[in-house]
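Asks: Here is how the chains run, residue by residue.
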Amino acid sequence: MTERPLSPHLGVYRMYRYTLLTSILNRATGLVLSAGLILLVYWLVAIASGPAAYRGARQVLSLDVLKALYLLLLATFAYHLVAGIRHLIWDTGHGLERAQSKRSAVLVGIASVLLFAGLAWWALHARGHA
Amino acid sequence: MSLRSPLARVLGQGSAKEGVHHWWAQRLTSVALVPLGVWFAVSVLSLPALDHATVTAWIGQLWTAVFLILLVLTAAWHSQLGVRIVVEDYVHGSGAKTLTLALVTFFHVVVAAAGVLAVLKVALGGAS
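Keeping their order, the protein sequence lines are chains U and V. Residues 121 to 250 (the numbering used here) are what the first sequence spells out, left to right. Residues 39 to 166 (the numbering used here) are what the second sequence spells out, left to right.
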């Protein structure tokens with residue numbers, strides 16, 4: 121076991137390479153969204169536990185630190201969604217040339233920022249409160 | 039050039055056909071999560087309020103409950119597949135790796151079961 125190759129040693133890579141950056145961001149945002157899934161199920165269980173329990177849960181869910189987490193979740197959702205679609209297009213065998221991949225990386229960056237901005241604006245203005 | 043392993047060549051056998059299961063399940067769940075994720079974000083942001091009566095009425099609608107259950111199941115499956123790769127990459131030592139993978143799988147099953155049961159309970163009117 122000890123003699124087998126280990127992967128990947130983050131320290132030896134140049135982090136600013138777009139290939140590495142888009143890939144590791146997709147993985148990192150996926151992990152954040154996994155944490156978001158726990159939050160979603162906590163919310164659903166709180167609703168199912170009745171009005172009194174839900175009132176208590178809402179006090180927890182409206183903590184400032186969690187509001188910051190919701191914005192982070194919107195950002196990670198936007199990135200993981202757009203980057204995931206890029207992966208699905210790759211899986212059809214398209215867009216794999218270096219120039220195309222470079223262009224789609226930039227496109228993923230722009231599209232995810234725009235999507236996040238739109239979602240965040242909506243979230244902050246929905247129901248008249250943050 | 040043959041890509042077969044020496045053992046497979048000797049035995050005259052090809053792959054056991056299960057090698058792409060993880061890859062394929064990840065693709066299927068990601069395709070399903072595109073509409074489910076967008077639907078969830080739009081629906082929650084469109085809710086007029088987040089008090090108990092409003093969210094209960096929302097989940098009480100048949101298709102809301104159906105999509106919520108599909109979202110929880112698909113997201114839990116996709117998350118398990120993804121976290122599994124991260125563990126396989128970064129947790130070293132076969133004992134620690136196997137234990138972590140087992141815990142990750144158990145945890146995702148619990149999350150999925152709790153989410154589905156919660157939606158069913160609300161949808162069937164048990165949360166008022």
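Where hints are given, some of them may not hold.
With beta-carbon atoms standing in for the labels, derived distance ranges [to be verified]:
1) GLY131/V to SER182/U: 19 to 27 Å
2) ALA237/U to GLN99/V: 27 to 35 Å
3) ASP127/V to VAL233/U: 22 to 30 Å
4) VAL82/V to THR139/U: 33 to 41 Å
5) VAL58/V to ALA148/U: 43 to 51 Å
6) ALA87/V to ARG124/U: 41 to 49 Å
7) VAL185/U to ILE123/V: 43 to 51 Å
8) SER43/V to LEU159/U: 42 to 50 Å
9) TRP242/U to GLY163/V: 29 to 37 Å
10) LEU158/V to TRP242/U: 23 to 31 Å
11) PHE144/V to VAL180/U: 21 to 29 Å
It should be emphasised that the hints constitute simulated quantities derived from the structure, not laboratory data. These numbers come from a predicted model, not from an experiment. Note that the Cβ used here is the ideal one computed from N, Cα and C, for glycine as well.
Asks: Hints numbered earlier in the text: which of these fail when held up against the supplied structure?
Replies: Per hint list: 1, 5, 6, 7 violated.
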